[in-house]
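There are 2 protein chains.
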Amino acid sequence: MPKVTEEHRLARRAQIVAAARTCVIEQGFHKTTMADVIQESGLSAGAVYSYFKSKEAIVAAIAEDALSAIDELFEKLLASAEPLSPLMALERTIAHVVTVAEAPGGDVTRVAVQAWAESLRNEEIHEVAKGKYCQLRDHFLDIVRRAQADGTVDPDVDPLHIAQVMFGMIPGFVLQRLLIGDVTPETYSAGLRALLRQ
Amino acid sequence: MPKVTEEHRLARRAQIVAAARTCVIEQGFHKTTMADVIQESGLSAGAVYSYFKSKEAIVAAIAEDALSAIDELFEKLLASAEPLSPLMALERTIAHVVTVAEAPGGDVTRVAVQAWAESLRNEEIHEVAKGKYCQLRDHFLDIVRRAQADGTVDPDVDPLHIAQVMFGMIPGFVLQRLLIGDVTPETYSAGLRALLRQ
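Chains A and B, in that order, are what the protein sequence lines are.
Sequential numbering from 1 applies to the first sequence in the numbering used here.
Sequential numbering from 1001 applies to the second sequence in the numbering used here.
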């Protein structure tokens, strides 16, 4: 496929995903229809459907895009030469969440919260959310195994149980940021440093 | 007011709140209408409206009921004679969340997740959620101050920042329990013990 066509395809796809983000942030998942996304995107219905068959598929693409940069973040963490600690991984992840949330195109953590609610009654969205969160938690699992090897975490504890707690700190940060509004990477970092073994 | 009448009033109120829980769990917040709650409750529209003017008011009552037992939990924790640690408070809170979630009448944590999503676009629900979560976080703040006095937590760190992280561990437990399904108070406890200073 010629390069210009592939670029065009990716730009169109991004345009649809951005339109869907805007719609879900403004109206919630439930009220958003494919017609809304088509109108917001400025593309034809045929064009939009040629990329995505349903709003569930677009939400999967939003999740895919939002989490794509996080794979790189964890790769960098694992490549670090110094001993890796849970604190370090959590601080980097939370800073990253805020960077992604504040990026142009609407706060994607708002879409995530809509997806959590929708997951409880929509099997397709549930599968997307479960898959993405298992993938993210697996990153923490890699961190834990590395930290256990580095001696910063007790090697006798099941790494999955530690990864559950580490991953489990992220939604609470996101929710407090959106609903209460007084958490920042700095306040969380201070709290984490006081609570965690180092 | 004669006692029987007050009892009757409380029973009716509980009947409406239970009906709303069922509706929100089955249909989500958005699709649930007052007409649905009225039908589910088996009461007349006039009866339901004499207790609650809107579904937002019923959701506030669901939150009130779900969190009422938690005040008592924290009172007990603070009354304990032994030195209080963040670990102890978190373990008790998570065990309590599962007890409340598994109580008859439908898993109220599912209603909570719906309320998180609705909060982002409904100011009335936002105020309810913010108020309730600040109340819950204030309990953790009391725990942190006590733990700082007991010497189990660094007294030089802002207790609010520590309370943010402690409170922030609960939504991630709730979400993993609902979306992934492999966390229990026991797995979380093992993870917490490995991660937290004790």
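If you are wondering where the hints come from, they were derived from the structure by calculation, not from laboratory data.
Be aware that one or more of the hints could be misleading.
To be verified - As a list, the in silico EDC-like pairs of lysine to aspartate or glutamate whose alpha-carbon atoms are at most 20 Å apart: (1) A:Lys130 to A:Glu26; (2) B:Lys1031 to B:Glu1123; (3) A:Lys31 to B:Asp1182; (4) A:Lys76 to A:Glu6; (5) B:Lys1031 to A:Glu75; (6) A:Lys130 to A:Asp182; (7) B:Lys1031 to A:Glu124; (8) B:Lys1031 to A:Asp36; (9) A:Lys132 to A:Asp142; (10) A:Lys31 to B:Glu1072; (11) B:Lys1132 to B:Glu1072; (12) B:Lys1132 to A:Asp36; (13) B:Lys1130 to A:Asp65; (14) A:Lys76 to A:Glu123; (15) A:Lys132 to B:Asp1142; (16) A:Lys53 to A:Asp142; (17) A:Lys31 to A:Asp107; (18) A:Lys132 to A:Glu82; (19) A:Lys31 to B:Glu1056; (20) B:Lys1132 to B:Asp1150; (21) A:Lys130 to B:Asp1182; (22) B:Lys1076 to B:Asp1065; (23) B:Lys1130 to A:Asp158; (24) A:Lys132 to A:Asp36; (25) A:Lys130 to A:Asp36; (26) A:Lys130 to B:Glu1072; (27) A:Lys76 to A:Glu124; (28) A:Lys31 to B:Asp1107; (29) A:Lys132 to A:Asp182; (30) B:Lys1132 to B:Glu1040; (31) A:Lys130 to A:Asp142; (32) A:Lys31 to B:Glu1026; (33) B:Lys1031 to A:Asp150; (34) B:Lys1031 to A:Glu72; (35) B:Lys1031 to B:Asp1142.
Stated by the list, open to error - To list a few chain A residues with every Cβ distance to chain B over 12 Å, as calculated: (36) Gly46; (37) Phe74; (38) Leu77; (39) Ala112; (40) Ala149.
C-beta atoms are modelled at their ideal positions from N, C-alpha and C, and glycine is treated no differently.
Hints versus structure:
1. The suggested pairing of A:Lys130 with A:Glu26 is violated, with an alpha-carbon distance near 24 Å, which exceeds 20 Å.
2. For the suggested pair B:Lys1031 and B:Glu1123, the alpha carbons sit about 18 Å apart, so the restraint of at most 20 Å is met.
3. For the given pair, A:Lys31 sits about 31 Å from B:Asp1182 by alpha-carbon distance, which is inconsistent with the 20 Å threshold.
4. Restraint check: the Cα-Cα separation between A:Lys76 and A:Glu6 comes to about 29 Å, which exceeds 20 Å; the hinted pair is violated.
5. Proposed proximity of B:Lys1031 and A:Glu75 is contradicted: the alpha carbons are some 42 Å apart, above 20 Å.
6. The straight-line distance between the Cα atoms of A:Lys130 and A:Asp182 is roughly 28 Å, outside the 20 Å bound, and the hint therefore fails.
7. Of the supplied pair hints, the one linking B:Lys1031 and A:Glu124 holds, its CA atoms being roughly 18 Å apart against a limit of 20 Å.
8. Restraint check for B:Lys1031 and A:Asp36: satisfied, since their Cα atoms lie roughly 18 Å apart, inside the 20 Å limit.
9. For the proposed pair A:Lys132 and A:Asp142, the alpha carbon gap of about 16 Å is at most 20 Å, so the pair holds.
10. Note on A:Lys31 and B:Glu1072: the hinted pairing is violated, with a Cα-Cα distance of about 39 Å set against a maximum of 20 Å.
11. A hinted pair counts as satisfied when its Cα atoms are at most 20 Å apart, and B:Lys1132 with B:Glu1072 qualifies at roughly 15 Å.
12. For the hint pairing B:Lys1132 with A:Asp36, the CA-to-CA distance comes to about 34 Å; that exceeds 20 Å, so the pair is violated.
13. Distance hint between B:Lys1130 and A:Asp65 is unfulfilled; the C-alpha atoms sit about 29 Å from each other, more than 20 Å.
14. For the hint pairing A:Lys76 with A:Glu123, the CA-to-CA distance comes to about 34 Å; that exceeds 20 Å, so the pair is violated.
15. Distance hint between A:Lys132 and B:Asp1142 is unfulfilled; the C-alpha atoms sit about 36 Å from each other, more than 20 Å.
16. Straight-line distance between C-alpha atoms of A:Lys53 and A:Asp142 comes to about 35 Å, which puts the hinted pair past the 20 Å bound.
17. A threshold of 20 Å between alpha carbons decides the hint, and for A:Lys31 with A:Asp107 the separation of about 18 Å falls inside it, so the pair holds.
18. At most 20 Å may separate the alpha-carbon atoms for a hinted pair to count; A:Lys132 and A:Glu82 exceed this at roughly 28 Å.
19. Restraint check for A:Lys31 and B:Glu1056: the C-alpha separation of about 18 Å stays at or below 20 Å, so the hint holds.
20. Simply put, B:Lys1132 and B:Asp1150 have alpha-carbon atoms about 27 Å apart, too far for the 20 Å limit, and the pair is violated.
21. Distance restraint check for A:Lys130 and B:Asp1182: the Cα-Cα separation of roughly 11 Å lies within the 20 Å cut-off, and the hinted pair is therefore satisfied.
22. A distance of roughly 18 Å separates the Cα atoms of B:Lys1076 and B:Asp1065; the hinted pair therefore holds under the 20 Å criterion.
23. A threshold of 20 Å between alpha carbons decides the hint, and for B:Lys1130 with A:Asp158 the separation of about 35 Å lies outside it, so the pair is violated.
24. Annotation: proposed proximity of A:Lys132 to A:Asp36 is violated, straight-line Cα distance about 25 Å (limit 20 Å).
25. Restraint check: the Cα-Cα separation between A:Lys130 and A:Asp36 comes to about 26 Å, which exceeds 20 Å; the hinted pair is violated.
26. The suggested pairing of A:Lys130 with B:Glu1072 is violated, with an alpha-carbon distance near 34 Å, which exceeds 20 Å.
27. Using a Cα cut-off of 20 Å, the hinted pair A:Lys76 and A:Glu124 is violated, with the two alpha carbons roughly 32 Å apart.
28. Distance hint between A:Lys31 and B:Asp1107 is unfulfilled; the C-alpha atoms sit about 24 Å from each other, more than 20 Å.
29. A hinted pair counts as satisfied when its Cα atoms are at most 20 Å apart, and A:Lys132 with A:Asp182 does not qualify at roughly 27 Å.
30. Simply put, B:Lys1132 and B:Glu1040 have alpha-carbon atoms about 26 Å apart, too far for the 20 Å limit, and the pair is violated.
31. Using a Cα cut-off of 20 Å, the hinted pair A:Lys130 and A:Asp142 holds, with the two alpha carbons roughly 18 Å apart.
32. Under the criterion of a C-alpha separation no larger than 20 Å, the hint pairing A:Lys31 with B:Glu1026 is consistent with the structure, at around 17 Å.
33. Taking the CA atoms of B:Lys1031 and A:Asp150, the gap is near 51 Å; set against the 20 Å cutoff, the hint is violated.
34. Of the pairs offered as hints, the one joining B:Lys1031 and A:Glu72 is violated, with about 39 Å between alpha carbons and a cut-off of 20 Å exceeded.
35. Taking the CA atoms of B:Lys1031 and B:Asp1142, the gap is near 38 Å; set against the 20 Å cutoff, the hint is violated.
36. For A:Gly46, the non-interface assignment is confirmed: its Cβ lies about 29 Å from the closest Cβ of chain B, beyond the 12 Å cut-off.
37. The beta carbon of A:Phe74 sits about 18 Å from the closest Cβ of chain B, which is more than 12 Å, so the claim that it is off the interface holds.
38. The beta carbon of A:Leu77 sits about 17 Å from the closest Cβ of chain B, which is more than 12 Å, so the claim that it is off the interface holds.
39. With a closest Cβ-Cβ approach of about 10 Å to chain B, A:Ala112 is found to fall inside the 12 Å limit, against its non-interface label.
40. Listed as a non-interface residue, A:Ala149 keeps its Cβ farther than 12 Å from every Cβ of chain B; the least gap is roughly 14 Å.
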